[in-house]
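Chemist: Keeping their order, the protein sequence lines are chains A and B. Taking our numbering, the leading residue of the first sequence gets 6, the next gets one more, and so forth. Taking our numbering, the leading residue of the second sequence gets -10, the next gets one more, and so forth.
Heads up, a few of these hints could be off.
Unchecked claim - Which chain B residues face chain A? A few, computed with CB under 7 Å, are given here:
hint, residue
1, Thr38
2, Ala101
3, Thr118
4, Gln229
5, His267
6, Ile282
Since the hints were derived computationally from the structure, they do not count as laboratory data. This one's a predicted model, so the numbers in the text were calculated from it and none came from an experiment. We treat Cβ as the ideally placed atom computed from N, Cα and C, and that holds for glycine.
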Amino acid sequence: MTAVDTPAPRTDPVAPHAAVAHEEPPPRRRPGSRLQRALVTAALVLLTVVFVYPFVWLVSASFKPRGEVFDNRLIPRTFTLDNYVEVWNEPIGQWLVNTALVTVLATVTVTLSSALVAWGFSYFRFRGRGVLFGVVLATMMLPGAVTMIPTYLIWDALGQVGTLTPLWAGNLFGSAFYIFLLRQFFLGLPRDVFEAATLDGANNWQVFWHIGLPLTKPALVVVALFEFQAAWTDLMRPLIYLRDTADFTVPRGLKSMLDQFGFGGEWHWEIVITASVIATVPMIVLFFLGQRHFVRGIATTGNKG
Amino acid sequence: MSTAALTPFRRTPSSRGGAERRDRRAALLFISPWIVGFLLFTAYPVLYTGYLSLTDYDVINDPSFVGTANFEELLQDPKVSLALRNTFVFVLFSVPAQAVVSLGLALLLNAAGRASGFFRTAFFLPKMTPPVAIGILLLLLFNGQSGLINEALGLVGIDGPSWTTDPTWVKPGLAMMSLWTVGGSVIILLAALRNVPEELYDAARCDGAGWWRRTWHVTLPMISGALFFVVIVDTIAGFQSFTEAYTAFFGSGNTTYGNDAALFYSIYLFQQAFEFLHMGYAAALAWVLFLIIMVVTFVQVRVSKRLVYLEGEQR
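Just chain B, same shape as in the assembly (with noise of 0.2 Å):
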């Protein structure tokens, strides 16, 4: 194998022409499944949910025109504003805890040395289970009487509370059980911290830097890129948050448990178009999402830019 290798998509000038005329054949036929499945998929769709959310819809009769009337309704919903005031409180909580958890234990990984390949399965292990399990973990492992979490804290003196029928418990148990998941932001933030250099290391132990400095110094900013993808990912996830709380707190047979609490935006969405057939009134509301995720992903990268270490910039 030549080094040549290692420059991919270098062609001879004179042939150029031709061949990408062939080429642009080729390759249409080759992409040509994602460009039908975008059309009849994605780009449809984004369209009809756009024309639907102007509409009143419950699938059996055609859609009526109704203007703007489900955007103003939607601004007069308690249950949104409900919903709404649910989905931020979750995210606020749960997102900086899981940047906050899994960095700690990739931090410890990433100290462990050899035996890391062990932990790391274990914290990632709760990854592959299904979500709908977890909803049902939830409830046994947070229950107020005889759940587990109660029990170990009774084991310091601590008089647990009601986690699951409490309306103040429930989104705490539901951002506490979120950090169970964590194990894959953890792989992903162990990879960036491996690959910090070690001189830089070096350098900061001959300035006299302890383990805090080295940390708060050169590791975070050094990871900083991963750590900004994780956050972002997670918030993007969190304001889309449904089957663990439909789960535990939704569903045929379940009307005792603190619903309200857990009622998030993507679950009332769900109820609207799926439960309630308000398909018009969905697709209003799954716009309104569409836009708050635009508007959070948007501001954090603009606070990133401040904050992410890029390659290259001076430190």
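This is chain A alone, in the form it adopts within the complex (with noise of 0.2 Å):
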């Protein structure tokens, strides 16, 4: 973590988007010969088929009558969409809802409240600010299972457990590595545009509101994909705090259907199929829209470890 202080690179002084870009530079053409560029295709197709089969699969069973799933045919026998028509008599469409929810209010509440605590943490300079983002590191470093507990016992205390609060409230408070994220690209931003409209008039939210968020735009989409992923995909939490059927996330919600028609001996695995897609097609959706931040956005946070 010795990075932590140094300013997030630059590729391109000039421009002064390319502080927040962070182009990655061009693939290289290695001089190679034609056999090894052809071994290293054809290792990479081999590759890609065992990496994409099993959405491929997946997607291709829950258009299989129940008799037929687990054929492993990659086309259907017998195409049939009854799956999808089925899998509606459980509540999905509501747990679809609630995850909508959960997932908008998640993500917006936290790219705001951590891009508003970076912003103090890069702009501003005071005494303690780095013991105090020790802090926000060493918190990155806590396992989830030792604050679990007392988490509970305070959205109990609330009267919260049952609801969908606690899976997202949390976040009204920031998170430690977005907040580290944010702030790596606030500090790569060129100051003397704020010491402009400082000189302009502006006040300190005022810069903060409409140039320094502006200008992070990229930083705050990898933000927003990150969490909208992490609040999509959680189990874990609506385990702890959702209790009726109605009030489930996908996620929790799927594993129901996997304890009830799974393992519970009604074995309709084609409709826990379905569902397992219905779960997963928002994601990739997502991902292909952004896919350019999301992507670029990793590969910077890595450079940073």
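From the two separate chains plus the hints, produce the assembled complex.
Modeler: Okay, structure coming up:
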């Protein structure tokens, strides 16, 4: 964690936006024989099949009638939409609404609060800044299990167990990892823009809201996508906090469907499979929409390690 | 835009004192959400977990102080030693496997040139699958009778085991499934590979080094920092593995499966806290987990000091 205080690397000192864009260097074309390149491509194609096949299998199985789910054919012998009709016998629509609500609230609150805190740590100089930020970093390394039980008791005392609130409201206070990430981006921003705005009479809040935040859009997208994925796929907190089937999120509902239709003696795996597809597709769609930012952002955080 | 933009945080010395006082107030205002959250959801819970670990607490009745009884019980609990063993075995197999596979994929992507974007997306896609769905996929793909994995093994004449029911094969199955989500590490390592200066390879080529020697003597030392980061993160996550194994082998209605072979430490902790309501005991388990993660991370950091190349040092 020695890189903490160095500003984010800048690739192009002229264009201010490059400070936050973190373009990857273009792939190099190394001299290599045609045979070598062919071998590399062949290996990559083969591995792509291995990585993508489970998806294709899952989607394909969701269109198969009950008896044929496990025949491992890529193209269903009998194509049916029955599973997609039957899956609605479960409150999956309600689960999707709940998950969407939690995910949107979690994403919006954590992005804004983390940006606010990151700005406080990067724009201003004050005594104790280093120590306080060290505490932020230290909390990143604390396993969730250590705070899990008291956090549950807090939400219980507030009467929020059994509601969706505990799944997102903690995000109002920012998240250490995102604060760290955004601070790195803020440190790479050109400071004289802010100073010019201050001279023009803008106050601290205006500088943050009208100038700092818009310049940080690429980083905000990364944080939002990370949190969207985390909130959409979380199982443990819904297991702890949700009681009624109607309040479930999609992962929690999917688990209960597995317990009922997979293990519970009813053996309707086609329903479990179809629900798995429904749980996964929104994430995949989101990934394709934001993948450039997402991949770049992950690469950037990796460099910071 | 002037080049002065490159030096943030430089202030004129004369205005420093007053500016710092004003800055402090404004900064604390901006930071206040985190301070409130830290006190309420980190500092207080950490202390309270410490207190709870010394009590018997079932949520309904008030905690009653029992001293170190929870820790003594924990040392003798056969389920704890089983869960610890399972977790260590899983980490020991899955973390190196993930490192090797993600490194291999990153090296291939780096050699692929222009098409690497497409393949990179393909490798990253599984990372978008909810862990619950991955747990379900595990049950289906590694199914002993009709699973895809055994069918593929059958093609090369191998009679695959009952991955999901045979206690010997449950953890290898989980470890193999974890390889499906190495996409994040691949992207981190790929970014590191792209940052290795081309001159180093040219110099190595001049010295007559082949691909293997270049990789071993140039590439690996140059990306050792990123590789170390990936290993540490995977290890910490490995010790906290929960969702995939819990989905596939625990929960209501599922008692016929090889539960014990998949009983990870986090799962046992979760059961104690929220299924059996042994909150005091679970708090003690949480402290032990924290201790283990700290010790293992510390050892990894110490070992890495010898292995990780740092910029500025002589190779």
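Chemist: Against this structure, judge whether each hint is valid.
Modeler: Status of the hints after comparison with the structure:
1. At a threshold of 7 Å, the smallest CB-CB gap from Thr38 (chain B) to chain A is about 5 Å, leaving the interface hint in force.
2. For Ala101 (chain B), the interface hint holds, since its Cβ comes within 7 Å of a Cβ in chain A; the closest pair sits about 6 Å apart.
3. Among the interface hints, the one on Thr118 (chain B) holds; its C-beta lies about 5 Å from the nearest C-beta in chain A, closer than the 7 Å criterion.
4. Annotation: Gln229 (chain B) was flagged as interfacial toward chain A, and the flag holds, the nearest CB pair being 6 Å apart, inside 7 Å.
5. Because the closest C-beta pair between His267 (chain B) and chain A is about 10 Å apart, greater than 7 Å, the hint is violated.
6. Because the closest C-beta pair between Ile282 (chain B) and chain A is about 6 Å apart, less than 7 Å, the hint holds.
In the structure shown, a violation is registered for the earlier hint numbered 5 alone.
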